[in-house]
Each structure stands twice: as structure tokens, then as C-alpha cells.
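Student: One letter stands for each residue in the lines below.
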Amino acid sequence: MQKILVVDDEPLNINILIELLKPKYKMMAAKNGIQALKAARSSNKPDLILLDIMMPEMDGYEVCETLKADEATKDIPIIFVSAMNEDSDETKGLSLGAVDYITKPISPTILQARVQTHLALKQQAQEIKEAHELIKIQQLRMQDELNVARDIQLSMVPKTFPDFDAVDIFAVLEPAREIGGDLYDVFMIDDESLCMVVGDVSGKGAPAALFMAMAKTLIKSYASSDLSTASIVTRVNDELCLNNDESLFVTLFVSILNIYTGELRFTNAGHNYPYIIKEDKSLVTINQKHGPVVAAMDELIYKEDSVVLDKNDTLFLYTDGVTEAMNNDEELYSEKRLEKFLANSDVKDVKSTINNLMNDIKTYEDGNAQTDDITVLSCFYTGQNILATGDISIFNKLENIATVIDSFDNFCKTNNIDDSYNQKVNLSLDDLINNIISYGYKDENEHKIDIQFKLFDEKLMIIIEDDGIPFNPFNHDETDTFLSIEDREIGGLGIHLIKKLMSTCRYDRKANKNIVTLTINIK
Amino acid sequence: MQITQSQISDYKLLEFSGNLDTATSPAAEKEIIECIENGDLKFVFNFEQTKYMSSSGLRVLLSTAKKLKGKGELKISNLNSVIEEVFDVSGFSSILNVYKTQEEAIS
Chain A
1 MQKILVVDDE
11 PLNINILIEL
21 LKPKYKMMAA
31 KNGIQALKAA
41 RSSNKPDLIL
51 LDIMMPEMDG
61 YEVCETLKAD
71 EATKDIPIIF
81 VSAMNEDSDE
91 TKGLSLGAVD
101 YITKPISPTI
111 LQARVQTHLA
121 LKQQAQEIKE
131 AHELIKIQQL
141 RMQDELNVAR
151 DIQLSMVPKT
161 FPDFDAVDIF
171 AVLEPAREIG
181 GDLYDVFMID
191 DESLCMVVGD
201 VSGKGAPAAL
211 FMAMAKTLIK
221 SYASSDLSTA
231 SIVTRVNDEL
241 CLNNDESLFV
251 TLFVSILNIY
261 TGELRFTNAG
271 HNYPYIIKED
281 KSLVTINQKH
291 GPVVAAMDEL
301 IYKEDSVVLD
311 KNDTLFLYTD
321 GVTEAMNNDE
331 ELYSEKRLEK
341 FLANSDVKDV
351 KSTINNLMND
361 IKTYEDGNAQ
371 TDDITVLSCF
381 YTGQNILATG
391 DISIFNKLEN
401 IATVIDSFDN
411 FCKTNNIDDS
421 YNQKVNLSLD
431 DLINNIISYG
441 YKDENEHKID
451 IQFKLFDEKL
461 MIIIEDDGIP
471 FNPFNHDETD
481 TFLSIEDREI
491 GGLGIHLIKK
501 LMSTCRYDRK
511 ANKNIVTLTI
521 NIK
Chain B
524 MQITQSQISD
534 YKLLEFSGNL
544 DTATSPAAEK
554 EIIECIENGD
564 LKFVFNFEQT
574 KYMSSSGLRV
584 LLSTAKKLKG
594 KGELKISNLN
604 SVIEEVFDVS
614 GFSSILNVYK
624 TQEEAIS
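These protein sequence lines are chains A and B, in that order.
According to the working numbering, the first sequence holds residues 1 to 523 in order.
According to the working numbering, the second sequence holds residues 524 to 630 in order.
Isolated chain A (complex conformation):
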């Protein structure tokens, strides 16, 4: 039952009002302003106040003003009930925030009708206020969720890049205010294959960010066992087509650079064309297309192409957020402007170039809000010269290891490779090939083992390939080198030594072959 407070210094007036309203409402009374304020501020506060004006000490106007100024009581509707029936009195009362003004003598039906109306209005106002607060909370929660999705998107892309003498890489993803679905990735697949990816998911918001995360994860996972960009994109497409109820899609440029030979294999699935900036600043547009956007149609076979990067070439990948950045006249940043920017930049310095480009776009936008994610990835290819190569193949007999060692000794002698590197590789060859011959074969047949030597400017690389059972020699527990002689088991030591003596050790299983790649940095 709703509560009504009657304020009047005349007990008779109080009684009349209480009698009139008692059947439908719970009634409270106050004899003066002070009592009225106290009742209005109590935990049992009224839903409506009927307020007399002419009272000693504190009149009704003052009570009204005080209640309206107080956050806790300002929403209680006040109806003045007064004998003063001048228009000016009513105007003053209403201007102080009262909802109505009834003059004495009161008509019971009018009083009841007005009280009922104002209580209903108050109820509605309360409901609207609550709904409004709910919306505000939901809005905050949605903003939080967008921020979380944006954080996910940004945390998914790498901020540090493979550090090699042969390449210098930098990339930036600048999300629009609402999250979108741009992505990039840079990672080494094996010792010589550098994978660089840029993509743009259709749509915005959390679904696009999640789709982006899925696409990026799939690419990396497939690339770990597959050096064909066509095959990677084909598989990613089939996987993303499953359960794609939102009909999202992603444009992708997936490329794999052999950092030693400069060969760049790539697949462009509906993505804008990247550039190669030659040392003389001329631009080459990589304009081959290999299929539509990814996740639009399943069972497509994507193709790939390759191009060879010369020393000091720069590969420049980006998403259309760059060229479609808009100024206040709704003009696009455009490829023309991007090309001009690149032609005037020191593109060798990939980090400065990208940072300057982002600033140039911001300047161009001139305060106009960024509407799409902007992603830029640039790779300056210094290249490493292959100075010499050698190879030897043997059959799986332990006595043939000596032939490999002899061959490598000659390779080192011919190429003036320091003796200590020569010997470290010798012991690695001896241990690894011994392992292969002793444990790698389940039959008595002859098997060929191929060994390649490659000398680069600052690195020596050894590649051993065998067709034995799948076996990753580097996947074993470290030998405990602190055990005393009695406690130490004989075995496992060779791999431990190789891991310590070589700069990198890598194992791959490809086309039914074990491939071990060792590198040692040389001065």
C-alpha cells in the first residue's frame, strides 16, 4: 500500500484528509515543517506529500524547497493544499517543484483523483529511472566486453619479431575505436623459412575478433608442418567454412620467405596487393591473385606464386585500413598517397617508416575518427650470401661415418673455416649419424643418408636427412651432467653436447624423412 504524508498545523485539516484517503492509502501526519522533513527522510518515507503552506516557523514553501534540494527526497511528489487561492501562490508553489496545487475547501473527488494520478506518474517515473539505469549498466558491460575483445586481438599479434641478420621486420596493428578483425603474424617455420601473414576479417566487434583469432591460430598450426602457402590457405579455408554461421570471411596474404635464398612463396586470397620496394625506390606491385576471400566457400583449391627478393628489397604488406583512411571531406588516403609516401621514405628502417606512416595517416585524417583497423607489416631483406655448399650421401653403415667426416674436413679446409667449428660439427655429425644408423631402421635394407653443408656470411648450416623411423633426437631429457661417475648412465650424452655446442638445432619430419638442421654462428 502506498504511503501519503499529510503536513498541516491544524489537526482538523489533517483529520479530514486522513479520513478521505485512508481507505486506499497508508496515512502519515506531521504537524509542522520540521516533523515533515524528518518523516520524509526516514527509512519509511512517503510516496506522496500533501503540504499546507501557511504554517508557523517553517512554511510549506520552505519545506518544499528543502525536500527538492535533497537527493534523498527530491523525487517525492508534493501537492500543495492551501487556502491561498491567488494565481501567484500557485505559480510560486509549482515553481518550487510541487507537482500540483489544490485549494481549500477541498473537493474529495478531485483530491482523490489528483492523488491517484500523481502516484501513478511517480510510479512510472520510477520505472523509467530504473530502466535507464539498467541500460547504463548494460552499456558499460558492453564497452567492457569490447575492450576485452580488443585486448584479445592486440595480444594475439606478436610485438617482437624474429631477429636475424638476413631480415629486419616490424609490424603495427592499430584497431579502430570499435574492434575489427585485422591480423598479422610473423614467425619462423624452420631455420630458414620465415612466415609473414596479414589479413582482414569482415565485420567488426567480438565475432570478428574471435574469427581473427581462429584464422591466425589455424594458419600458424598448419604452417608448422607445411611449407606451401597454397596448401596452408586451402586447409584454413576448409576449416573456417565449418560452422561459419555468421558468414564472416577473411582476406589473407600468406607468405613464406626463405631467408637464405630470398625466395618468397605467397598466396593472396582476396587481399589488397602488397609491394616490393626495390633498392632504387621503384615499387613492384605483387598483383597475383590465388582465390577468393577465405571462409566464403569450402573445397576451393588455392594457388601460389613465388618471387625472389633481391638483397636490400623491402616487402610491404598492409590492410585496406591504410588506403581507406578518410579525411573530413570523405576523401580516401588512397594507394597513390601510400605509394608516394613509400617512395619518399627510408624504407630500410622498417620501424621508423611504419611509425611515420601511421603519423601521416593520422595527420591526413585530421581528427576524423578511424573507421577501420589499420595493419602494416614491413620486412627489409638484407639477405645472406651463400658462400659455399657441399653434400655427401652414405649408406647406413657405421664405418661410412668417417667418409662424412672426411668430406666435411675438406669442405672446411677449402673454405678456410676455423678448426674449432670444424671439430664441433665433426662430433655432432658422428653422434647424430651414429644414432640414425644404430636405432633408425627396422629392416635390414640399405638406406641412404644425405648430408648437406652450407656456408653463409656468418653461419654454417648442416642438414642431415634420413628415411628412418620418425625420431626427434632433440626431444629427450637433458642428461644430468652433475652426477658422479657411478650414477651416470652411459647414453644421451651426445645430444646434450650437440645442443650445447651448436647455435641452433632443429628437427622436422617431412615427406617421410627425418630432417635435422644444425647451425653454428661463425665470425
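Simulated from the structure, these hints should not be mistaken for laboratory data.
Possibly wrong hints are sitting among the right ones.
[As the list claims (entries may be wrong)] Calculated cross-link-like contacts (lysine to aspartate or glutamate; reagent style EDC-like; alpha-carbon spacing at most 20 Å):
#	chain 1	residue 1	chain 2	residue 2
1	A	Lys500	B	Glu607
2	A	Lys499	A	Asp70
3	B	Lys574	A	Asp419
4	A	Lys204	A	Glu324
5	A	Lys278	A	Glu365
6	B	Lys594	B	Glu571
7	B	Lys574	A	Asp70
8	B	Lys553	A	Glu399
9	A	Lys500	B	Asp611
10	A	Lys523	B	Glu552
11	A	Lys348	A	Glu444
12	B	Lys574	A	Glu399
13	B	Lys574	A	Glu324
14	A	Lys499	B	Glu608
15	A	Lys499	B	Glu607
16	B	Lys589	B	Glu571
17	A	Lys500	B	Glu608
18	A	Lys336	A	Asp310
19	A	Lys448	A	Asp391
20	B	Lys590	B	Glu608
21	A	Lys289	A	Asp329
22	A	Lys348	A	Asp163
23	A	Lys278	A	Glu399
24	A	Lys500	A	Asp419
25	A	Lys499	B	Asp611
26	A	Lys45	A	Asp70
27	B	Lys574	A	Asp457
[Unchecked claim] Sample of chain A residues with no beta-carbon within 10 Å of chain B, all distances over it, derived:
#	residue
28	Pro56
29	Gln116
30	Ala206
31	Ser221
32	Gly262
33	Thr323
34	Ser420
35	Lys424
36	Gly494
37	Lys500
38	Lys510
Computed from a prediction, not measured in an experiment: that's the story for all the values here.
The beta carbon of each residue, even a glycine, is placed where N, CA and C say it ideally should be.
Following the hints, put chain B in place on chain A, whose structure we already have.
Tutor: Chain B in isolation, oriented as in the chain A frame:
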């Protein structure tokens, strides 16, 4: 791989010439065992003429040290820098007695 044997005071001196690896370790091990069976218990192995030693070679040294434990002595000398590094990363330098020169080992 060639091993030259000689006797200097109490010690049986084995001078290794060539690398100690998969190909050469079995023969080297056989020769060392023969010496032990003939009653030699105090050894100096000189590796001045050895360029590298793979884990097969290390295994020979380890099994020799185990055989002599408690009743004899194994001293190693004249390691080149690569083998020294191998001894360090494998922990062998702390479990075998390694000397710079043959003279230091014997004195």
C-alpha cells in the same frame, strides 16, 4: 686412430693419435681393456694428437674410469680447446682428472 703405449714411472701412458669417435672408439676401448687385464691400474691418456671426441669417445673414458674406480687411477692430459669445451659442457671436467700437460699428470 693409433695408440702408442709406454711406461713412465708408475703410470701407463697412452698417447692417442686421431679422433675418438664412432669409428675408432671400439678399437680404443679394446686396447685399454687389454692393458687393465694385463695388470695396469694407473693410466695417463694424452690427447695431444686428437682433434675431436664424440660421445662414443667419452663413453670409453667413462667406462675406463668406472673400471678403475677404487683400485686404480685415470688421468687425462693435453686436451685441445674443443675437447676442453666438450668436457666442460658434459661435466666430465669435474668427474675426471684433467691436466694441462702429461708432465703435470705424472708428477
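Student: Next, verify each hint and record whether it holds.
Tutor: Hint check:
| no. | hint | verdict |
| --- | --- | --- |
| 1 | A:Lys500 / B:Glu607 | holds (13 Å) |
| 2 | A:Lys499 / A:Asp70 | violated (76 Å) |
| 3 | B:Lys574 / A:Asp419 | holds (9 Å) |
| 4 | A:Lys204 / A:Glu324 | holds (16 Å) |
| 5 | A:Lys278 / A:Glu365 | violated (29 Å) |
| 6 | B:Lys594 / B:Glu571 | violated (26 Å) |
| 7 | B:Lys574 / A:Asp70 | violated (94 Å) |
| 8 | B:Lys553 / A:Glu399 | holds (17 Å) |
| 9 | A:Lys500 / B:Asp611 | holds (10 Å) |
| 10 | A:Lys523 / B:Glu552 | violated (37 Å) |
| 11 | A:Lys348 / A:Glu444 | violated (55 Å) |
| 12 | B:Lys574 / A:Glu399 | holds (19 Å) |
| 13 | B:Lys574 / A:Glu324 | violated (64 Å) |
| 14 | A:Lys499 / B:Glu608 | holds (13 Å) |
| 15 | A:Lys499 / B:Glu607 | holds (16 Å) |
| 16 | B:Lys589 / B:Glu571 | violated (23 Å) |
| 17 | A:Lys500 / B:Glu608 | holds (10 Å) |
| 18 | A:Lys336 / A:Asp310 | violated (24 Å) |
| 19 | A:Lys448 / A:Asp391 | holds (13 Å) |
| 20 | B:Lys590 / B:Glu608 | violated (25 Å) |
| 21 | A:Lys289 / A:Asp329 | violated (32 Å) |
| 22 | A:Lys348 / A:Asp163 | holds (15 Å) |
| 23 | A:Lys278 / A:Glu399 | violated (51 Å) |
| 24 | A:Lys500 / A:Asp419 | holds (18 Å) |
| 25 | A:Lys499 / B:Asp611 | holds (13 Å) |
| 26 | A:Lys45 / A:Asp70 | holds (13 Å) |
| 27 | B:Lys574 / A:Asp457 | violated (25 Å) |
| 28 | Pro56 | holds (101 Å) |
| 29 | Gln116 | holds (93 Å) |
| 30 | Ala206 | holds (50 Å) |
| 31 | Ser221 | holds (34 Å) |
| 32 | Gly262 | holds (34 Å) |
| 33 | Thr323 | holds (54 Å) |
| 34 | Ser420 | violated (5 Å) |
| 35 | Lys424 | violated (6 Å) |
| 36 | Gly494 | violated (3 Å) |
| 37 | Lys500 | violated (4 Å) |
| 38 | Lys510 | holds (26 Å) |
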